[in-house]
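S.K.: Each chain, letter by letter, is given below.
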Amino acid sequence: MTTALLEARELTRTLPGDVPVTLVERVSLRIERGEFVSIVGPSGSGKSSLLYLLGLLDRPSSGSLVLDGEDTRGFDDDRLADTRLAKLGFVFQFHFLLPEFSLLDNVALPMRRLGRLKEPAIQARALELLQRLGLGGHERKLPQKLSGGQRQRVAIARALANAPLLILADEPTGNLDSASSENVRQILRELCTEQRTSVVTVTHDPHFAQAADRVLTLVDGRLHADESRQSQPA
Amino acid sequence: MSVVLSVAWAHLIGRKRQTLVALGGVILGVAFFLATSSLMRGSERDFLQRLVDNAPHITIYDEYREAQSQPAALRWPEAALDLPRVKPQRENRGIRGWPRMVEALRQQPGVRVAPVLNGAVVLSFAGRVQGVQLQGIDPEAMRGVSTIESKMTEGNLDSLNADANGIVLGAGLMKQFQLRVGSTISVVAATGLARQMKVVGVFSTGNQGYDEGQAFVKLQRAQALLGRENRANRLILQLDDVQAAGQLAPRIEAEWGYKTVAWSEANQDIMALLVIRNLIMYTVVSAILVVASLGIYNTLSTVALEKTKDIAILKSMGFHANELQRIFLLQGAAVGVLGSVLGLALGALLMHALGQVQVKPPGAVEVSSLPIYWGAEQFALAAGFALASALAAAWLPARKAARVHPVDILRGAA
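Chains R and U, in that order, are what the protein sequence lines are.
At position 178 of the first sequence (counting the first as 1) the number is 178 in the working numbering, and the numbers step up by one without a gap.
If you want the working numbering, it's the position in the second sequence, counting the first as 1, plus 1000.
Just so you know, these hints were derived from the structure itself, not from any lab.
Wrong hints could be hidden among the right ones.
[As the list claims (entries may be wrong)] In silico lysine to aspartate or glutamate, EDC-like type, Cα no more than 20 Å apart, as pairs:
#: 1; chain 1: U; residue 1: Lys-1259; chain 2: U; residue 2: Glu-1066
#: 2; chain 1: U; residue 1: Lys-1309; chain 2: R; residue 2: Glu-100
#: 3; chain 1: R; residue 1: Lys-145; chain 2: R; residue 2: Asp-177
#: 4; chain 1: U; residue 1: Lys-1400; chain 2: R; residue 2: Asp-78
#: 5; chain 1: U; residue 1: Lys-1151; chain 2: U; residue 2: Asp-1053
#: 6; chain 1: U; residue 1: Lys-1198; chain 2: U; residue 2: Asp-1163
#: 7; chain 1: U; residue 1: Lys-1259; chain 2: U; residue 2: Glu-1103
#: 8; chain 1: R; residue 1: Lys-87; chain 2: R; residue 2: Glu-7
#: 9; chain 1: R; residue 1: Lys-118; chain 2: R; residue 2: Asp-82
#: 10; chain 1: U; residue 1: Lys-1087; chain 2: U; residue 2: Glu-1063
#: 11; chain 1: U; residue 1: Lys-1087; chain 2: U; residue 2: Asp-1062
#: 12; chain 1: U; residue 1: Lys-1400; chain 2: R; residue 2: Asp-77
#: 13; chain 1: U; residue 1: Lys-1016; chain 2: R; residue 2: Glu-100
#: 14; chain 1: R; residue 1: Lys-87; chain 2: R; residue 2: Asp-68
#: 15; chain 1: U; residue 1: Lys-1309; chain 2: R; residue 2: Asp-77
Small disclaimer: the values here were computed from a predicted structure and weren't measured.
Kindly produce the complete structure, drawing on both the sequences and the hints.
M.R.: Structure (structure tokens):
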């Protein structure tokens, strides 16, 4: 068996309180490199909570998560942040672009924070990503000048800025029309096939879920089904 | 520009109106802090300057700080002694051997000394009487320790040498008695001795109490009138270095035994009053800056609240908590620094304008400008306090931003 990009073992997330609430319960899964996985399930089933755990945005109450061969259990907040910056990319239902920054600066922000590239290289890569996502010529515009679908593509470009190993997308088409949704779906699909970037999406959209290699169904915080749609990438 | 700085800058620019209001508060706070403080400090320094110019830097009195002990008490310090009916020895009071003391003190560099015999007398003229302090002086020596000569409106101190029966009076007394230079006035001492003396000079210090309560005659004339031949009961010292008075006075007292008082000790109550005045002044002007810092707090709190989603996305992207804290502290610092720089410039303009205001204090002969202190430490204090207030105001929003948990925000936004 090859080493998985991400391996979650018995992940559980419980919110403490007078009446503890379990959001995710004993979920184990593997995400291979270049794999496109959709997480589906009814509202309140714990899909987003699982995504936040996989994206190192939240800490599990129990269980472990190994990303790119590193067990993340002992990571402090800063190391988790550094890992997110270097290895993960996020796309949310709301684009969350910084309104004061141009598209170019929004996409350049993670690269500037990481500091691996010099400024001319950062600008060139940001421009290339925007062009690849069909936003060439708009790079100096502010986000509020764009349509919802365009903004979501900028958010994807920003998620790709540091060439992450894994893109985590939470309802990325939740606020988009069908044409824009299809566009986003194709972009994410291409990332998997062409760049071997793994993608995990949470979605309510059955059509969007069909684009995935695997569909995980979550019910009441537990993994209910794990169905492969296409042949696993090599 | 660093990422943190660029985000901080974007937040400030993104809320121009609130930023300008906060900035305006700091500018006005710093400017008024500076203008008020410079005026208060200027008036204080002016007051102290007048004090040290017009009053002796050190005065040696013909008395002792501690009552002298009886020889029996010195011989048997542990004994329970009862010495009834002890009376002070009758003597012609004054500083013993003052000419020798004056000579010794004059040997010290930067020290000028003048002997004075001071006593109460009554002036009488045309049926009107008035008690005054008569100062027997050596005009030549007095010129070196007092500014009284420069306050003379008619005659001079040398007139006392020219006429042995001459007297110099204050402008207030001249007015009360309706005298003119050349008039003769009766001077009666407590001993009962009386002299007719001729007014040879008039001074006006602007201090009503002084101008109506002091009279100058030659030392020998005062000694004869007060029945204290060859005596002086005060030595007045003026120093080149005013601040040295505090150290020199105790040394003189230790050497000669007579009570020796420096100007700072003599005016302790005034000095204490100045400290309290400064305390009140700095409290009030600091309050202006504290209110201004509330403007910064208000602006940054609003930014922190409105930008919660941005903060969450920055954190999810990989920004550290301390970087988010720095974003807000930098915003506070930027408003503080820019506000301080512009506030100092405005404050300097206000100080210049205040310095142009002409006033004529009561009793003063000449019109003078408001005293403004231009010391660099005030500029540093105003800017430092403004910056500290700005950072303190930014600290709470910064801490709030650093504590944002992205999942809480992302879950709420979904």
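S.K.: Could you work out which of the previously given hints the structure breaks and list their numbers from low to high?
M.R.: Structure breaks no hint.
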